[in-house]
Amino acid sequence: MTYHNSTLNQTEFDIAVQTFAHHLNISTSKLNAFKEELTLRAYKRGQVIYYDTLDTTHLKFLVRGLITRESYSDTGESYLWMNRELQLFPIEQLFNATQTHEMCTAFHDCLVLCIPKYLLESLCMKDHHLFIRIYELLTLNMKQHIHHNMILTCKTAKDKVIYLINHICENIGIETDAFYEVPASITIQSLGDMAGLSRETVSHIIHDLTTENLVYKDPEHWIISKQLLHSSL
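Per UniProt numbering, the sequence shown starts with residue 1, numbered consecutively.
Any given hint could turn out to be false.
[What the hints assert, rightly or not] Calculated cross-link-like contacts (lysine-lysine; reagent style DSS-like; alpha-carbon spacing at most 30 angstroms): (1) 143 / 126; (2) 217 / 44; (3) 155 / 143.
[Unchecked claim] So the derived label-pair ranges between C-beta atoms look like this: (4) 35 / 218: 38 to 44 angstroms; (5) 125 / 9: 30 to 36 angstroms; (6) 51 / 132: 29 to 35 angstroms; (7) 158 / 117: 38 to 44 angstroms; (8) 8 / 30: 35 to 41 angstroms; (9) 184 / 135: 34 to 40 angstroms; (10) 178 / 14: 35 to 41 angstroms; (11) 92 / 45: 24 to 30 angstroms.
Since the hints were made in silico from the structure, they are not lab data.
We put the CB at the ideal spot given by N, CA and C, even for glycine.
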């Protein structure tokens with residue numbers, strides 16, 4: 001077992017392994033046998049977790065925090081999205097030798113468990129229940145991207161922003177009875193990057209939604225009324 005940061009300790013490592021085992025619906029004992037091959041890393045906000053995936057020997061499990069991931073093509077086109085805690089990524093690398101051109105950055109301070117790719121593949125081949133669970137997680141990942149791609153095809157900029165806010169609320173928001181809370185660190189520029197719109201355009205749309213009492217921002221959170229989400233259905 002390895003700790004990337006001197007502030008990490010055995011207890012945090014054990015909790016991370018237990019959390020990952022629970023996420024996969026397997027017993028912790030199955031992973032305990034391979035503890036020496038697992039690495040727990042701490043990243044500060046803005047720190048690059050990986051750049052490109054030329055090294056596809058390990059997958060990451062986000063124990064705590066929020067990350068941004070950006071895929072890019074040889075022609076310079078890019079695609080940006082976010083993941084919250086309890087995500088295994090890049091999960092599409094399992095049983096796949098194809099390189100993924102992607103950069104992953106800590107959007108908040110993060111705690112990441114690194115797992116050898118071969119280990120997960122080996123466990124899957126020995127446990128069909130785990131294989132099914134991995135397939136479920138891969139399907140959820142694909143649905144997230146399909147939903148995001150549908151947002152990018154919306155005809156109007158306002159629809160793009162509203163559907164993107166809906167998407168963010170569902171994936172990283174905290175739900176209450178009447179609204180969602182989303183971290184205020186998601187800026188107008190971040191929304192523009194994810195929607196493929198200029199900062200100015202998004203700013204005007206957010207201003208209109210704020211005037212309509214559908215969106216409110218305090219120092220720590222975006223407060224998103226569920227009325228806005230219902231209007232986008």
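TODO: Hint by hint, work out which the structure violates, then give me just those numbers in ascending order.
DONE: Hint 8 alone not satisfied by this model.
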